[in-house]
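Each chain, letter by letter, is given below.
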Amino acid sequence: MESTSQAVEPAHSKLFMRPTWTTGFGSWLTTVDHKKIGILYMLSSFTFMGAASVEAFIMRLQLMRPGQQLVSPDVFNQLFTMHGVTMVFLAIMPLGIGFANYFVPLMIGARDLAFPRLNAFGYWVYALGGLMIYSSFFLGGAPDVGWVAYAPLTSLSNNPGFGVDFYVFGLFLSGVGTTVTAMNLIVTIVNMRAPGMTFMRMPVFPWLMLITSFMIIFAFPPLTIAFLELIVDRTFGSLFFVPAAGALPILWQHLFWIFGHPEVYIIIMPAFGMISEMIPTFSRKPLFGYPVMILASILIAFMGFAVWTHHMFTTGLGPVVNTAFSLTSFIIGIPTGVKIFNWLGTLWGGSIRFTVPLLYSLAFIVTFTLGGITGIMVAMPTFDAQVHDTYFVVAHFHYVMGGGALLTFLGALYYWFPKMTGRLLDERVGKIAWGFIVVGFHTIFFPQHIAGMMGMPRRIQTYPDGIGLEIWNFASSFGTFIMGVGMILVLGSVIYGLRRGPRAGNDPWDARTLEWATTSPPPYYNFKTQPVVNSLDAFWAWKHPESLNVDPIDPATAGKKYDAHGIHIPGQSWYPLLASAALIVGSYGLIYDNWILAIVSGFAFIFCIFGWAFEGVGGHHAQPELEGEAV
Amino acid sequence: MSADASAHAETPAGVGQGTITPSGWRSTKLPDVKLLMWVFLASDCMFFGSLIGTYLAYHDRSLTGPFPADVFDIPLTTVSSFVLLMSSLLMVLALHALRSDDIPKFRLWTLGVAAFGTIFLGFQVFEFVHFVNAGLSIHQNLFGTTFFILTGTHGIHVSVGVLWLLAILISSYKKPTSSKDAVYLEIAGLYWHFVDIVWIVIFTVVYLVEFV
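Those protein sequences? They're chains A and B, same order as listed.
Residue numbering for the first sequence follows my numbering, beginning at 1 and increasing consecutively.
Residue numbering for the second sequence follows my numbering, beginning at 1 and increasing consecutively.
Just chain B, same shape as in the assembly (with noise of 0.2 Å):
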């Protein structure tokens, strides 16, 4: 748990769970930037959806080629999708070395999130130019469309992940960093796996039900 719910944890009788802090009484034990976090990952479940809805809604409209059977590349984003889960289990390590206030460790990892998110947007950038010299844009058909715009957005969440994920790392150089400040990169955590859930997501949707 994070440093203002367990470092003054306090139940007084008769007025149920609650913690004082030094933000003043909170009435559940979950910190305010966790909570806004899943509130968040909820709402942005919707906008995905929205998203992969439009694309289904679109799937095999298109008038004219390239039709994703013509330049999808399996293994190649095989591999990419390989590289953003392993991403997750570097989160997991980094949040555990962070908890464990060992430092070093924790720069690596989440260093390591970062790197990996990074290769993982370069295959995206790969895959977009080889769309693109394939003859596959925005303009060309509704396969374009939707399939820039799911991934783009999705892409775009990855690099903000990675933003974030840096702006951390970097900090814990600036200022004392220890298990107390667990939570802040537990929220990145969660949204970083929740990306990763996505491209699951349209992984499966997108990529592999084309071959079914």
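So here's chain A without its partners, still in its complex pose (with noise of 0.2 Å):
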């Protein structure tokens, strides 16, 4: 057993010895630091991002005109069904929680994540997963039963190729990364907080984060289980989801979806958060009723469990069940409409400045307010009864997912950016590329939603000429040449700005929040003294005190002697890769009954969990005196 006493021990391990590589390739692979594996989150999120991207615009291509056949209906059926899965579980929630891993310690205060490798585990088996279902491409296919996969579409008997293992393992596994996360973020947020942060002086990205993570670990459990019935009926013979033994398919519907609508909040909730953090920064404005705000957020996340249903409002439930699901879904708006209100207010008489964060905040309110208003359409399960699996439910959903998550995280990128890399980005270019990005949101967008009032099913390959359906689908499909103009124009804003930039400074945006009290970027070790806080937005205290009733306190020199016991660094780690490795390589075993490679792998995985706990948190002690590094 090893102590937290002794936990600073010198840096040797019997078996492999510890890396201290500080740059370089191998300091990623083996990085413990939490804006490292930030920026990987967000790298390897983007990527998949631009692949589920590309995956949209064959699809929009195919169904520019009607009857064509650009693909194959069996490509089509591989496309639609990779694009979901990729942007829900490998790129929009991981973007989440990449920026969350970046900033939530900076923001409350602390150096690093409670459990720094087990931060560097849950990234490593998303993003291995994220390859493996990848890798199905060229392995004979990918899965093709779109990304709720629902059974018994998903047997073996219905479904003998790989696509749908690789799709049950891959994310089995992220599942697992997720969740781990989450655990690691509640810790964090839990018992990392800053001396003088009680809950309600925290910033509310931390705040939506820590609700988020507690949605995660309750959520993914119920999707854990449906994958492993999955994986066991489709590799051991067993009868979870087949009808011929009496088996309910509906099952899979209930444990997918009590884990698929909490999911919906936990994609949209940092988004929530982060928004809350650019608009009082950009309207020089604390937020309008930041308790609100944190109780709403609250109540979003107690009854993001109670809904799941409307899902299923076709199913044949019974009209008690689809009454009582549909009251739920209605009540879940009133929180969410109390947040429209807060950022509303936080905006109104506010010394505004229309910077590029700013303007996607805004895009954000409207974008969302309008996927909310389908979403309460949708609710009533009368008008669900005609929608359902339209094109007007494939617009619904991505005005909340792309244009609520994605647009604020596109807004978070230009708002952070700068803390992160130390350079600006360009103002005009992205102003240019804000215009492209929304107008083009909007004309894929709005046009769904007539082209699903008038019938047109979600999921189909072509449609046929002469039913009214040919100007809405060109019109959506036109708008994916605006959009991917702007994308582009973001991606090269983003390599410029890497490179030419200006300098930012540590606070260009006047901003109100920890991360802005340091240095852009943050050194190892964050920051040069414990903060310290004694109200909500005390850096802003700090530099404007004749604004806010507090006695100011400078964060960078108030907390001495919170540093008793000197500046604590993790050291790094081979064990949380080489245990996401021994995992992705057992499941090819299990994929494709290889039984000895998977039970090598799985003794390998035991091995690296032994060699992991024994070879204790490591580390040094940093010294920023010494180095000469001024905060």
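Honestly, the hints are just simulated from the structure, not real lab data.
Glycine is no exception: its CB is placed at the ideal position from the N, C-alpha and C atoms.
Computed, partial: chain B to chain A, Cβ under 10 Å:
no.	residue
1	Asp32
2	Gly49
3	Asn141
4	Thr153
5	Ser171
As a list, the in silico SDA-like pairs of lysine to any residue whose alpha-carbon atoms are at most 20 Å apart:
no.	chain 1	residue 1	chain 2	residue 2
6	B	Lys175	A	Ile609
7	B	Lys174	B	Leu163
8	B	Lys174	A	Gly611
9	B	Lys29	A	Met200
10	B	Lys34	A	Trp612
11	B	Lys175	A	Gly611
12	B	Lys34	A	Ala613
13	A	Lys339	A	Val292
14	B	Lys174	A	Val617
Put the two chains together into one complex; each comes in its own frame, and the hints tell you how they fit.
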């Protein structure tokens, strides 16, 4: 057993030399630094998002004109499945987690997550799991059952290829990664807030990540069980989803949506948090109704677990069930609406600076509200029966996920890029790109409402001429070009900004939270001295003592006495990467019925866990004074 | 309480409750690892909840036998449940001994917990073999599918607990161990008690209710 008081040991390990690279490829493979892992998350999610965008682009080309045969129905099935799987599990949700990884510790005045190696494991198992799903394209075909993979379409007899196996193993593992990272974030936020930062003095983004993490740890196990049951069905021949044996295929839908609806909020809640940081900064006002914002988010988290059946209104659960879940779905709209007024109230009377992050925030409010309104429409079982599985639903969830989460994340990229790299992105190109993206987005998805109302079903490869769908599909496909131009401008702007962007300084936006109190980019120990706070927005109060009724605390010097033991920097490790790799290799073994490979990988995994445990936290004490770093 | 919480307990004025630990400032008095275990157990509740929910949803839906009442042997499972519950008692004794720096007793009781866990697993293997001989398997009917996956998942949890306790036991011979390390035994204990509680639910819902 190791003791925390003995945690700071010399860097050695019996089996593997403890890596100590601070730069280069090896430093990224073995890193436990939350900032590096955050950047890895962001790079991976943006890469997966690029792949999903290419899939979407091919689908829109195929649907641009009626009766086209650009891709076969089989390929089309794989495209929409992989687009959904990628965007939900591998792009948007990990992007929120990536931002949280980088900024939650900085915003609460901590120096890392509570469990740095567990954090690395969460990242690697997500990234390798995602690559594993994508490897199916080269190994006999990607999954082709939709991102919801309803049983019994996924059974071995109905779907004998390997696609579903890659789907279920890959998402099983990346789900494990998401869950352990959420647990890590909960411990970090509860236990590592700066001295004086009570819960009601904590910025909104960490607050909403705390709530999101609780949703993740309760929502992912039902999905994990559904995946486990499907794996056992397909690999070992059990009967969970075999109707001929009396099984109820609707069990899959229940387990999936008990996860799936909270997942919608798991995706959007980090975006709510970012909006709640960006709008006050660029309105130069405190967030309007901070406690109400927090309470509304907690209410959404609770209610999010009580609405899942609204995805199943047409499965015949009966009028009582449909009415009950219709009511809960209406109720969850109330706290969500409250938030819209929080943001509008913050903007009201503020000294607004129309920077790119604020423009994305405004686009978010409009787009998300439109998605919310169509959400209330489909929460009515009678209306839902008309538009279920049509393009109306496609438009609805793209308005909330794309218009809600994606637009916000782009804004957050512009907001936090100076902190992560020390350089500013070009505002003028950013505004042009914003225009292309917002106009393109609405050109793609608004016509889909109408196509859906006219009865165009989702997940079809083509449609006939002469039933009135041509113009709406053409408009929708045309929009992808507009949005694509915007995305390429953002990409170019980021590449240019990394090399040539003007220096940002510590606090380019005159912002309110602690991450702006340290250098850009922050040193590996984040803060030279432990920050101390005595109010919400304490950093703002220090910069502008006249504006808030509190004694200002200099966040950079006040906390010397809390560093009594020095700044502990945990040691790097190979085990998170090796343990994840063992899980992935073992999954390939199970998929291809190669039992030796599976068993060897299982033992390798157990070996890694023991190595991990006995290696200990390790690390050293940072001494910023000796390194001559100015904060 | 654990090493890092008690040895360095210090509550500076004006900034609320908290602790300065070797790993930095902590805003509560709870050790990180203990908080992590509670969060994990909360998540594991949903994990077992979904499995038990599946079992109940498929109860009485099997088209062919053997059915639960044909194979369950309540006296046998009662004995194995009793063994598992007694292991929880030993777990409490082991933690108490370690907190009192009574290392020989800590080793004895920890070995006892692992041994009782292994006996429980032995009963489970015996039961599984008996059921398979009676014609029940995951391919046979929905009862077999749901029963083996539910109790098998629980068995894997018990096995992980046994391995964990043995690792703690072996490492106590390799490194000096004292009451300062009690938090690591405590979180293993939290896990162990949780797995026991899950078995109480399984024993009631799966076995006993069958004969009501």
